[in-house]
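*Asks:* One-letter residues, chain by chain:
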Amino acid sequence: QKEVEQNSGPLSVPEGAIASLNCTYSDRGSQSFFWYRQYSGKSPELIMFIYSNGDKEDGRFTAQLNKASQYVSLLIRDSQPSDSATYLCAVNISGGATNKLIFGTGTLLAVQP
Amino acid sequence: DTEVTQTPKHLVMGMTNKKSLKCEQHMGHRAMYWYKQKAKKPPELMFVYSYEKLSINESVPSRFSPECPNSSLLNLHLHALQPEDSALYLCASSQGRATVYEQYFGPGTRLTVT
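Chains as they are written, first to last, in my numbering: chain A, 1 to 113; chain B, 1 to 114.
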């Protein structure tokens with residue numbers, strides 16, 4: 001069983017719409033959850049992190065965490081063509097002090113003008 | 001400032017060459033990482049340094065040799081690589097080794113082994 005799962009997409013949304021990206025994880029002890037954006041040929045860029053159940057908003061981005069369901073999501077409001085990228089969900093694994101991230105395979109988002 | 005720098009941006013090397021990748025951060029971070037990323041795949045952790053000591057080696061072949069000369073610098077020495085080692089090599093850093101700290105990536109080195 002994969003530790004972090006994402007739908008590979010592509011997820012296609014029209015400009016101005018809300019894009020909803022989802023991620024599930026298997027380790028119930030995970031405490032820290034991150035969303036990275038990666039443009040083609042570039043390195044991952046941290047856009048959101050969340051540690052507590054509920055919602056966390058930053059500009060057009062909202063991260064949602066439900067630890068009981070082992071589910072984390074990223075909402076992008078007013079999607080723009082420049083948001084077109086692969087979105088990687090990353091989860092810290094528990095059981096050790098060192099910061100080790102497990103990445104999902106990423107969801108490719110395509111925002112249509 | 002969350003900048004991590006990496007040099008070179010691109011590297012082409014033969015299977016008998018020895019080369020090094022360099023990574024630098026000036027954020028005062030005490031944990032640094034090397035990742036390998038193949039096309040259309042997520043980053044895969046290779047090594048973790050915490051307070052300049054190697055704390056995780058993800059069973060990486062010995063042809064990859066990491067080095068952390070000080071808290072700001074991280075090197076990856078390459079020797080006798082194989083064509084399948086061609087990938088984007090990413091360096092990252094975080095404030096500390098605890099699981100709550102977010103990791104920031106450098107721009108990467110695109111490595112091609114011929």
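It is possible that part of the hints are untrue.
Claimed, not checked - Quick list of in silico lysine to any residue cross-link-like pairs, SDA-like style, CA-CA up to 25 Å:
#1 B:Lys40 / A:Leu46
#2 A:Lys56 / B:Asp85
#3 A:Lys100 / B:His29
#4 A:Lys100 / A:Phe49
#5 B:Lys41 / A:Asn53
#6 B:Lys38 / B:Ser65
#7 A:Lys56 / A:Ile93
#8 A:Lys100 / B:Leu54
#9 B:Lys40 / A:Gln80
#10 B:Lys19 / B:Val100
#11 B:Lys40 / A:Lys56
#12 B:Lys40 / A:Ser20
#13 A:Lys42 / B:Met13
#14 A:Lys100 / B:Lys18
#15 A:Lys42 / B:Leu11
#16 B:Lys18 / B:His29
#17 B:Lys36 / A:Gln80
#18 B:Lys22 / B:Leu54
#19 A:Lys42 / B:Lys53
#20 A:Lys42 / B:Leu78
#21 B:Lys41 / B:Ser72
#22 B:Lys22 / A:Leu65
#23 B:Lys40 / A:Ser73
#24 B:Lys41 / A:Ala68
#25 A:Lys42 / B:Met27
#26 B:Lys41 / A:Gly9
#27 B:Lys41 / A:Gly54
#28 B:Lys19 / B:Met46
#29 B:Lys53 / B:Lys41
#30 B:Lys40 / A:Lys67
#31 B:Lys22 / B:Asn75
#32 A:Lys100 / B:Met13
#33 A:Lys67 / B:Val100
#34 B:Lys41 / A:Asp55
#35 A:Lys56 / B:Ser55
#36 A:Lys56 / B:Arg110
#37 A:Lys67 / B:Lys18
#38 A:Lys56 / A:Asn7
#39 B:Lys18 / B:Val100
#40 A:Lys56 / A:Gln70
Bear in mind the hints are in silico, worked out from the structure with no lab data behind them. If you're wondering where the values come from, they're calculated on a predicted model, not measured in any experiment.
*Asks:* Work down the list of hints and note, for each, if the structure agrees.
*Replies:* Now the hints, each set against the structure:
1. B:Lys40 / A:Leu46: holds (18 Å)
2. A:Lys56 / B:Asp85: violated (38 Å)
3. A:Lys100 / B:His29: Cα-Cα ~15 Å, so holds.
4. A:Lys100 / A:Phe49: holds (15 Å)
5. B:Lys41 / A:Asn53: Answer violated: Lys41 of chain B to Asn53 of chain A is near 28 Å, above 25 Å.
6. B:Lys38 / B:Ser65: Status holds; Cα separation ~19 Å.
7. A:Lys56 / A:Ile93: holds (21 Å)
8. A:Lys100 / B:Leu54: Holds, at roughly 13 Å.
9. B:Lys40 / A:Gln80: This hinted pair holds, its Cα atoms lying about 22 Å apart.
10. B:Lys19 / B:Val100: violated (34 Å)
11. B:Lys40 / A:Lys56: Between Lys40 of chain B and Lys56 of chain A the Cα gap is close to 28 Å, so the pair fails against 25 Å, i.e. violated.
12. B:Lys40 / A:Ser20: Roughly 21 Å between the alpha carbons, so the hint for Lys40 of chain B and Ser20 of chain A holds.
13. A:Lys42 / B:Met13: holds (21 Å)
14. A:Lys100 / B:Lys18: With Cα atoms ~29 Å apart, Lys100 of chain A and Lys18 of chain B exceed 25 Å; violated.
15. A:Lys42 / B:Leu11: holds (15 Å)
16. B:Lys18 / B:His29: Not OK: Lys18 of chain B and His29 of chain B at ~28 Å, beyond 25 Å, violated.
17. B:Lys36 / A:Gln80: violated (30 Å)
18. B:Lys22 / B:Leu54: Status holds; Cα separation ~16 Å.
19. A:Lys42 / B:Lys53: violated (28 Å)
20. A:Lys42 / B:Leu78: Holds, because 22 Å separates the two Cα atoms, which is no more than 25 Å.
21. B:Lys41 / B:Ser72: Measuring from Cα to Cα gives roughly 28 Å; hence the hint is violated.
22. B:Lys22 / A:Leu65: Given that 25 Å is the threshold and the Cα spacing comes to 36 Å, the pair is violated.
23. B:Lys40 / A:Ser73: Status holds; Cα separation ~21 Å.
24. B:Lys41 / A:Ala68: violated (28 Å)
25. A:Lys42 / B:Met27: holds (21 Å)
26. B:Lys41 / A:Gly9: At roughly 13 Å apart (the allowed maximum being 25 Å), Gly9 of chain A and Lys41 of chain B satisfy the hint.
27. B:Lys41 / A:Gly54: Violated, at about 29 Å.
28. B:Lys19 / B:Met46: Given that 25 Å is the threshold and the Cα spacing comes to 17 Å, the pair holds.
29. B:Lys53 / B:Lys41: It is violated: about 28 Å lies between the C-alpha atoms, which goes past 25 Å.
30. B:Lys40 / A:Lys67: violated (28 Å)
31. B:Lys22 / B:Asn75: holds (5 Å)
32. A:Lys100 / B:Met13: violated (30 Å)
33. A:Lys67 / B:Val100: Answer holds: Lys67 of chain A to Val100 of chain B is near 15 Å, not above 25 Å.
34. B:Lys41 / A:Asp55: violated (28 Å)
35. A:Lys56 / B:Ser55: Not satisfied, since the Cα-Cα distance of roughly 32 Å exceeds 25 Å.
36. A:Lys56 / B:Arg110: Cα-Cα ~34 Å, so violated.
37. A:Lys67 / B:Lys18: violated (46 Å)
38. A:Lys56 / A:Asn7: Holds, at about 22 Å.
39. B:Lys18 / B:Val100: violated (36 Å)
40. A:Lys56 / A:Gln70: Distance ~16 Å between Lys56 of chain A and Gln70 of chain A Cα, so the pair holds.
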